[in-house]
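Using the hints provided, position chains B, C, D and E relative to the given structure of chain A.
Protein chains in written order, with the working numbering: chain A, 1 to 359; chain B, 1 to 359; chain C, 1 to 359; chain D, 1 to 359; chain E, 1 to 359.
Treat each hint with caution, since some may be false.
It does not matter which identical chain is meant; a pair holds if it fits inside one copy or across any two.
Cut-off 30 Å, straight-line C-alpha distance, at most; resulting in silico cross-link-like pairs (DSBU-like, lysine-lysine) [unchecked claim]: (1) K44 <-> K356; (2) K253 <-> K223; (3) K357 <-> K223; (4) K253 <-> K103; (5) K223 <-> K354; (6) K354 <-> K44.
I should point out that these hints are in silico values taken from the structure, not numbers from a laboratory.
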Amino acid sequence: MSKRKHRPKRENLLTSPGTLTYIGPDNELKTKIRKIQYSEKFYKNEAVTSLAECAANPSLEPHITWLDVDGIHETALVGKIGTLYHLHPLILEDIVNTEHKPKLEVYDTGYIFLTLKMLHVDSEEPLEISSEHVSFVTGKDYLISFQEERSDDIFNPVIERLNASVGKTRRNGTDYLVFALMDVIVDNYFLVLEKFGEKLDLVEESIISGSKRESLNDLYALKRELTFVRRAIWPLRDMINQLIREDNSLISKEVVPYYRDLYDHTMQALDTVDSYRELLASLADVHLSTISNRMNAVMKTLTIFSAIFMPLTFIVGVYGMNFENMPELKNPYGYYYTWGVMAIVTVGMILYFKAKKWM
Amino acid sequence: MSKRKHRPKRENLLTSPGTLTYIGPDNELKTKIRKIQYSEKFYKNEAVTSLAECAANPSLEPHITWLDVDGIHETALVGKIGTLYHLHPLILEDIVNTEHKPKLEVYDTGYIFLTLKMLHVDSEEPLEISSEHVSFVTGKDYLISFQEERSDDIFNPVIERLNASVGKTRRNGTDYLVFALMDVIVDNYFLVLEKFGEKLDLVEESIISGSKRESLNDLYALKRELTFVRRAIWPLRDMINQLIREDNSLISKEVVPYYRDLYDHTMQALDTVDSYRELLASLADVHLSTISNRMNAVMKTLTIFSAIFMPLTFIVGVYGMNFENMPELKNPYGYYYTWGVMAIVTVGMILYFKAKKWM
Amino acid sequence: MSKRKHRPKRENLLTSPGTLTYIGPDNELKTKIRKIQYSEKFYKNEAVTSLAECAANPSLEPHITWLDVDGIHETALVGKIGTLYHLHPLILEDIVNTEHKPKLEVYDTGYIFLTLKMLHVDSEEPLEISSEHVSFVTGKDYLISFQEERSDDIFNPVIERLNASVGKTRRNGTDYLVFALMDVIVDNYFLVLEKFGEKLDLVEESIISGSKRESLNDLYALKRELTFVRRAIWPLRDMINQLIREDNSLISKEVVPYYRDLYDHTMQALDTVDSYRELLASLADVHLSTISNRMNAVMKTLTIFSAIFMPLTFIVGVYGMNFENMPELKNPYGYYYTWGVMAIVTVGMILYFKAKKWM
Amino acid sequence: MSKRKHRPKRENLLTSPGTLTYIGPDNELKTKIRKIQYSEKFYKNEAVTSLAECAANPSLEPHITWLDVDGIHETALVGKIGTLYHLHPLILEDIVNTEHKPKLEVYDTGYIFLTLKMLHVDSEEPLEISSEHVSFVTGKDYLISFQEERSDDIFNPVIERLNASVGKTRRNGTDYLVFALMDVIVDNYFLVLEKFGEKLDLVEESIISGSKRESLNDLYALKRELTFVRRAIWPLRDMINQLIREDNSLISKEVVPYYRDLYDHTMQALDTVDSYRELLASLADVHLSTISNRMNAVMKTLTIFSAIFMPLTFIVGVYGMNFENMPELKNPYGYYYTWGVMAIVTVGMILYFKAKKWM
Amino acid sequence: MSKRKHRPKRENLLTSPGTLTYIGPDNELKTKIRKIQYSEKFYKNEAVTSLAECAANPSLEPHITWLDVDGIHETALVGKIGTLYHLHPLILEDIVNTEHKPKLEVYDTGYIFLTLKMLHVDSEEPLEISSEHVSFVTGKDYLISFQEERSDDIFNPVIERLNASVGKTRRNGTDYLVFALMDVIVDNYFLVLEKFGEKLDLVEESIISGSKRESLNDLYALKRELTFVRRAIWPLRDMINQLIREDNSLISKEVVPYYRDLYDHTMQALDTVDSYRELLASLADVHLSTISNRMNAVMKTLTIFSAIFMPLTFIVGVYGMNFENMPELKNPYGYYYTWGVMAIVTVGMILYFKAKKWM
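This is chain A alone, in the form it adopts within the complex (with noise of 0.2 Å):
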């Protein structure tokens, strides 16, 4: 059974509201910073060393900066990135802190603040899946998007996208980025969910068939990580909804179609969240019709043995008997007779059951 630990994660309670604390796994890798400037003109990807060169660079061309932090677990420099892109503390606060659910802050001073949760398979022996923290402030001509540090970076297809070839991403603004960012975070949940039906398609068969014992216990462990699952998708479905009604600058009209289609897709996956959850109460209802269908042919066999054994352990019983007078003692054929009742009384009982059934 998957450990998912049972406690609020907050450790900066009782200090004064917008002090960074990072509460995620404990993280030996250093912070890495990527700066990524494209028009459609140009593109340049380059590793940020120095906090100065994290700023956008007004005296280019119009163009868009993406700056991408690979790791939230050095508050300080999450600070001070903060404070040069002039952003509110508790959006710091939200951006560090790893257990905070999925949210959207549109900010009049003209940027918006977005949060939500990437998925990843941990373990596939038992199913275990752990998301990972990410977050975007992006305003008219930036967009800084903050995430836990991994091994594998997850808007690697996005980067790629943009260097290739002067396509959609390149053409359009921040609002694009957004979506493209966002598009694969979702495209990932199907390919979590997938994995999820792998593994459900296994406990399915194990529980019809009824060959394992611990299936509750993994139903219930999958029931868990679904409903951990559901909890970081969920949210998503309100946050892009409101992305597409508000009446903002920020998000412009051509966009719209392709957050709609996301919508979809989020709506899609939650569906088949809600489709495993279904199938799960399914088959924990067949799991406990199984055991008591066992049990009921338990019982059938040891009434059956019961049935049978009992009178014939009485016959010889009786012919056991030490009384002087018993005259079929003196019979000589008296034995042969007794196996013959005892083999109708058998014989008897064998159509009995067979008549109700329960052999």
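Chains B, C, D and E only, in chain A's frame:
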């Protein structure tokens, strides 16, 4: 049990949005395209062999062009038709994504996009229902319908009516044509639900009579098929509602009552689905209670046998002891007395269990 | 168990919308039509024999014409009446579709269409409830009521009141007449629910006393009938609400309180249905618990018998052994001592089970 | 178990709407009417003996008239009071219909009609709760209260406060008087819920200790009483809300906070009801689990007895065989060896079951 | 099991509304009042000894007065403070009613009334959580906080921050002070939930390993505590939402983001509560299934023993019969053959049960 797979199907994951990827069953049949042109005055139905023929014919007098595309696995072809009619790439993605759930989208550029599910009974024993992905794109004077390639064409009744006479369909616009095609699909739901109802009658009978063992798995398979059907029908409710309410110029006021009628039929289908669901739940309860009752009967049988034969075996055991001084053994009638005692015990037990209503 | 069929009934599938198809029970009786004309000053009730007589009589002073059509299986006749009063073909379809659920439609052309369900208790043991499809079309000065042909006419109380005296019905318009007819139907629901309540009392008693075996199937049958009743009554709630709120000229302000009263009664009927539902669920729980308790009792009996007789049988078995050297066998009181030991064992066991409260 | 009847009570079915029919318990007591007149300056409380005295007294200085009608079984009298104060016939119907659920109606003609339920604990063992139908009709300067005739008058505390001093009630209008009377009724709910809580404590204790057999039926009876209580209180929530929001001239702004307080108390009562419901559900689960545990214990006892005595009985059976050549029988210590083997088997079994934690 | 009492607590029933009645635990401690005055420039914290000192000090430069009343059992004192600050009597009633659920009320007269619950872990084994009733009344330049007298003061962290430096709290108005105090309370919820999570881990482990018998009662007790916690936290959601949305002049725009953050934390706490609820439900299922599995194991053991020893006992019974003519008895190897047959039967049975996977 039906082998519905538990996996979300989306193959174009991590590709650029708008990439066309067909994920339905493999299909060797070539795409068939029919072009039907009609107005109140004329009617023309021809098989289309080249892409050029797919375009509407503006030189004719005002008429309606219905392009019926039978087969969506050739995504390149779908893409070309999309280009010909200036459809948004995301629409094309939804047309070929056979797992996309039913939805309606009204585009500012003057066309409506609709996608829904045709249901087919693939197998009756066990009951297996599959869905066919059907899409409509309709403007003022054209309708393009996309369906998966199947041997039987579901729109034949409408084509026959168009051909047969100058009826309501010929006199009205594309709004009525869309209604007529959707009506065929919704009517078909009732045929599928009828098969379902027949199957349900059988399962109900078998459960109430308690004759079949694998009833619960049957119930569970039916429940899954029903959930599948429900997911296919459910979104129609909102779609038709939106079509009626939507303040669009594409649905004329005269045709609205027909859509309202279609809405009623959809609700009736959903009501039937819901009553089947309740029935399945009730049957599962009856099934569980039947198992319990049967276990009870088994236990009673065992208890009655034990309670009768244990005392008898004890009695004959007593007189099987080898004590030198056991006066009863010397009594010439001891053996017969013993039988008498055993008869009394047996009758007493039977009366006791009769009184307890266990026999 | 009541033989409610699990099949959606719609026979005009795949025909052109607006085709009239009767799907109710076969009915040999000929359609009977009565025409009642009244105002505060006069009252006339005549059987109609020709279609021409069905039309309103404009030459008379202002009055209300109520056409009561008893029998909807002659769809041709219904169609002709529809033509006479200029009714929309889809309304006629709903009038003859006995499976259509209750609904209200207000037409711009100045008439209201209402369809609802009259409930009948067909059989009391087992309880079987059937519904009769009743429709009203009402304009400013006419009302056409359609009902399935049955031996007893449900509207008699209203006709009698109309005839008897110049009461509220005679003084008011068609809005009050519609109310009066609906009131009769809703009052009838209470009569049906009363029969249901009586049956429920019997089943409750039998379950709590645990006397009858087939109780769960009874519960299940009752639940299905109740669901049937609920489906018939539920839509009335919205319909009446809509009639009250709808800003239409057909319901006058003076009559609104009566509709509000009708609404209260409908809610009271639904409340009763819901409390019956809860009761049925509770009874199912009690039933299951009773089964468990009884199984418990059976098991205890078995265990007590086994625990008493197994040791005894063992003891007598010991002295049935044929060892040459068994000192007890030679003891002249050995047999009696053995009985003593067995008595002690038996009493000990009984005390043990008394202490455990199993006896 | 409480004998709550499962039947909707409406006796005036199929009569003309507005007919007054009393359906409460038979009641021999004569209707008692009190007329209380008060303003800040004076207070007068007199028993009314004739209908004429019921009318308000316009000759007096501005004051409030409260007519307290104790007994609604004399429907003729209620009808006459209705005529005197120009009440709508449907209101009178609701006043005498003791089964009508709580509701509020604001009439254009300047009066408010309120009906609610006073709860009484009829019996404590088993707990039986009955409701008394209380109605208020209130205008600017009069209030008529109707209640079923009971031995104790529920409004005494208010009358005493009116009499005792020139408090808030004397200084305010009928809006405050209505509040004060409703407050008495809501306060009374807490007294009833307290009795319920005491009973619940007892049942909880008996279920957790597992001492009483009939616990489930007790739970079931309590659940029904609780549902009854909930139905009585629930509609108050909306009623008070409506009184606060309703833009009417009858509730003055100063009195609104008191109604808001009343609303809070009603919510608190409903919260208590809901927590009792959850508790009952939990107790039912505990009860079922207790039954299962007990069955488990019974089965273990049986299995332990069987597993110990079956091998022993087999062993003694072996040496009860009569083969001529059985060397052990001739061994002078054979008998004692046999006892040794049996002791080892017994101890082995006991250790085995101890290891399995069955003993 | 925790002894949460099932009784609504309201002692001022049937008294005039606005009467102050303390219903919390008896409390010998005297009410302690602290008066804290601060602005950005100065800070003063003094114990209040007379009622006169409670009033704000208008002669000072503009500053904020926070009156922290520790102990609400002296209702007379609460009443006097209420008079001093012109509070509505119903507010005072809610301040001393420790059972009142959290609520927010905005008064026209320019102050806000807030009441919420502080949670305390009273005992860890079994887990017992109690709530402390905390209320705030806040105007433009004063805040009065009321809490039950406890040994530890929950607001100390805020007082320390006020004292320590000129931070956000000192620079902002009463709106930020209210936020800071509520934040302390919400942060505390996480500490309580953490204790809960630890306990849950223990119970989960004990249920999955199946080691403890009383697990279900533990589950049930935890569920009740959790429900208690949920009731305390749930209303906060609406309260904070209302504070944010409410178009009032008391919450300044700069402070709104902090309230939004508080809202997020409240939601996170509620999410944790809900996930614990689901977990408890799953554990109850696992528990029930464990019981069933164990019963199954017991039954199998019994059946295996019976099926092996019943035939053996029968066989030895056969040769214990005393027929004169039993050829086998004279066979010198008969005894050994019999053992051979019994060995075969035993091995056959064992193979049979192995094949059935019962062993």
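Now the hints, each set against the structure:
no.	hint	verdict
1	K44 <-> K356	neither (82 Å within a copy, 68 Å between copies)
2	K253 <-> K223	neither (40 Å within a copy, 43 Å between copies)
3	K357 <-> K223	between (38 Å within a copy, 28 Å between copies)
4	K253 <-> K103	both (22 Å within a copy, 21 Å between copies)
5	K223 <-> K354	neither (42 Å within a copy, 33 Å between copies)
6	K354 <-> K44	neither (82 Å within a copy, 69 Å between copies)
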